[in-house]
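Fit chain B to the supplied structure of chain P, relying on the hints for placement.
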Amino acid sequence: MVGSVDKQVPLVSIRGLRFSRGSRVIFDGVDIDIPRGKITAIMGPSGTGKTTLLKLIGGQLRPSAGTIHVDGQDIHRLGNRDLYRLRMRMGMLFQSGALLTDINVFENVAYPLREHTNLSPSMIRKLVLLKLEAVGLRGARDLMPSELSGGMARRVALARAMVLDPMMIMYDEPFTGQDPISMGVLVELIRALNDASRLSSIIVSHDVQETSAIADLIYVISNGKVIESGQPEAMINSESAWTRQFMQGLADGPVPFHYPAAELAEDLLGESC
Amino acid sequence: MLNVLAQLGRVGIGVLERLGRGHLLLLGILRGLPDLLPRPGLLVKQIYSVGVLSILIISVSGLFVGMVLGLQGYYILSQFGAEQTLGVMVAASLVRELGPVVAALLFAGRAGSALTAEIGLMKATEQLSGLEMMAVDPVRRVLTPRFFAGFISMPLLAALFSALGVVGGYFVGVGLLGVDDGAFWAQMQAKIDLHEDVFNGAIKSVVFGLVCTWIALFQGFDAVPTSEGVSRATTRTVVHSSLAVLGLDFILTALMFGD
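Chains P and B supply the protein sequences, listed in that same order.
Quick note, this note's numbering runs 419 ahead of the 1-based positions in the first sequence.
Take the second sequence: its letter number 17 is residue 5 in this note's numbering, and every next letter is one higher.
Isolated chain P (complex conformation) (with noise of 0.2 Å):
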């Protein structure tokens, strides 16, 4: 059923989901659900194919095997008039922020309620602003993209995001290379955007202290599999090996420390390089 709003069905559903780049596996059965109203992580170590998750959840990537589901409707099946129509109602946070390099704080925030309504431009100032002073940069709306820390462009493209009050939020690692200070406006923003505005929020991320602190529910990945899925006290005093040593950040485990390679003695003695 399209535009379902019963709390009980997933806003996401991904079933037997494989990936592959090249002969490499990304995704191999993984089967996830993404509950409404709340915020969910998907951790695991860099290289595991979180971000792919993300574009695969937003139909910019088409698995090889498996469904995808958002607010009912099967993403990959869409026509690009659909899939379009779908994507208005889900934001997405990239890492890098992506803001329109050539275009100000204001007009970026600005770009979808252009493109998308027909809004009179004091209806749009007004949103736009409100969003802004959601995230604190009200009094940065004429900055260009180039004159702002990391963490501000990650505010404006969150505003950016949000501005024409979408189902769903998806954050392409939040808190990669923040400082302090933006980690924690980040980490509160994001709480209470979600719970403010009654969204439901996809956290991509492998910043455990963080994540955990807001997450409701927390997927960890790798090697192309769930490892493991809970809440996060659960996750944090998890009894697998594996998610031991994610979750607190142990050099050696599972997944060893070393590179696989040949026996050090044996590489010292040979000659070629």
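Derived from the structure by calculation, the hints contain no laboratory data.
Glycine included, each C-beta is placed from N, C-alpha and C at the ideal position.
There's no promise every hint is true.
If you want the footprint, here are the derived chain P segments under chain B, 3+ residues with CB under 8 Å [unchecked claim]:
#1 508 to 519
#2 531 to 538
A few chain B residues that face chain P, going by a derived Cβ cut-off under 7 Å, partial list only [claimed, not checked]:
#3 23
#4 85
#5 113
#6 118
Chain B only, in chain P's frame:
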């Protein structure tokens, strides 16, 4: 032997695949025209960026090419006592060949490389993905205005190049070398044919504008989204555009002026 054949096959398939992607992109760009018409501001902005900002290099180059033509032409023609036809020689060379071809080569170097770098960097910084996720088609919103800006600007730049080239030839021929002023213009007026010379030259510049802009946009859109990938794509734009212009010039010249 089999390995060589397999390698050749892979290269061939790769080239065909890229050609296919390029044509699909062109189709997508052209489909964006109806979206562009109600937003002329987008086109004007790109005409400024692609065309207006190329005026300086085109003007200066046109002037110097015309001056060299005047100088070289005078020394050759004066050997046959035909220096009064210098105006015809300069104008015909510019309008038929040098105007469209050299302007296109300069256009590929200045505007084409800038387009590729801009689109490639937009891809690398996820701006194109960001547009897609905002339910905005980046092909229609970003590439279509740039394509038509190049398509419109190129013939105008070629005309400017030819016009300033004639001025350069006049300056050297009449101003410095003493060719008769009246003969310079009168011969030109009598011998340069609107259809045969000017119109055919304009067709060339339209084709070159289309091809150069298409190559530039495709290379940017298809670039590997890294600094090295964008750098390679920019180089490919200049190389491919230059070769395409020279190759197409031969074909078009053969079709237009061949018996």
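task: Would you list, in rising numerical order, the hints stated earlier that this structure does not obey?
output: 3 and 4
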